[in-house]
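> Sequence:
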Amino acid sequence: MRTEILLQDDPAVPADERHHARLTPLGRQGHETEPGDHVVRRKVFEREAEFGLSGMTEPVAEVEASPFFSDPIGVFCRADHPLAAVERPLCWADLSGREILNMGHETQIKSVAEYAPDVAIRLSSTAYKVRNTHTLIALLQRGGTIAALPRLSLPAGTHDDWVFRSLTEPAIDREIFLCRHRRTTLTASARALIAAIRDSAEIAGATLIEKCEPTEGCIAE
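207 is the number of the first residue of the sequence shown in our numbering; add one for each residue after it.
Derived from the structure by calculation, the hints contain no laboratory data.
Computed from a predicted model, the values in this text were never measured in an experiment.
All C-beta atoms in this analysis are idealised placements derived from N, C-alpha and C, irrespective of residue type, glycine included.
Quick list of simulated restraints, FRET-style, between CB atoms:
{"id": "1", "residue 1": "CYS297", "residue 2": "ILE415", "range": "18 to 28 Å"}
{"id": "2", "residue 1": "ARG388", "residue 2": "ILE327", "range": "39 to 49 Å"}
{"id": "3", "residue 1": "ALA291", "residue 2": "GLU254", "range": "44 to 54 Å"}
{"id": "4", "residue 1": "HIS340", "residue 2": "THR391", "range": "35 to 45 Å"}
{"id": "5", "residue 1": "GLY411", "residue 2": "ARG253", "range": "25 to 35 Å"}
{"id": "6", "residue 1": "ALA267", "residue 2": "ALA291", "range": "47 to 57 Å"}
{"id": "7", "residue 1": "HIS244", "residue 2": "THR390", "range": "12 to 22 Å"}
{"id": "8", "residue 1": "GLY350", "residue 2": "ALA299", "range": "11 to 21 Å"}
{"id": "9", "residue 1": "GLY411", "residue 2": "GLU305", "range": "24 to 34 Å"}
{"id": "10", "residue 1": "SER302", "residue 2": "THR391", "range": "43 to 53 Å"}
Based on the sequences and whatever the hints tell you, model everything.
Below you can see the structure in the form of structure tokens.
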């Protein structure tokens, strides 16, 4: 039996998991798509997928969304960018006046508005609204631009000449939720894949929220 899973489109799910950088050969057992989180919930509800991973989610009947792991939102920029040389911790106000790549973090924008209104405005009105990781990488590589993203958003090994700096005032984390149908029993391959994703996320620097081993009848602690 093939394990059917859904991983939300970037940047909600860590890029290593989207592109199987650390899940081979387990990743080959599944079939991966990149929908929005509403599609993830619908597919799980209709039992077209054994489980899904998504960002913040609204409740859906019969779909259990358990917090899985979190990672901090910060700045990706080239190593030669002025922000990379700042020795003190960076805050959102430090992004004021910068060319910021926007990947649609509405919740992030609301959180920043009180502390750095100019940055919030730039995040919501930027000319570069990127929804594809490859496009984002290309724009970052050209220099001059920065991206405010969760730490695990870009594939490991593709940004050796970039730096990631966590942002404070406010410090914002994004959470990834593990979605499954309440009446569905996970297969052994699905449980193994969930464990591999969890391990991969922890190695990449995420904070684990879901710590128990997934079993046939229950995922949550």
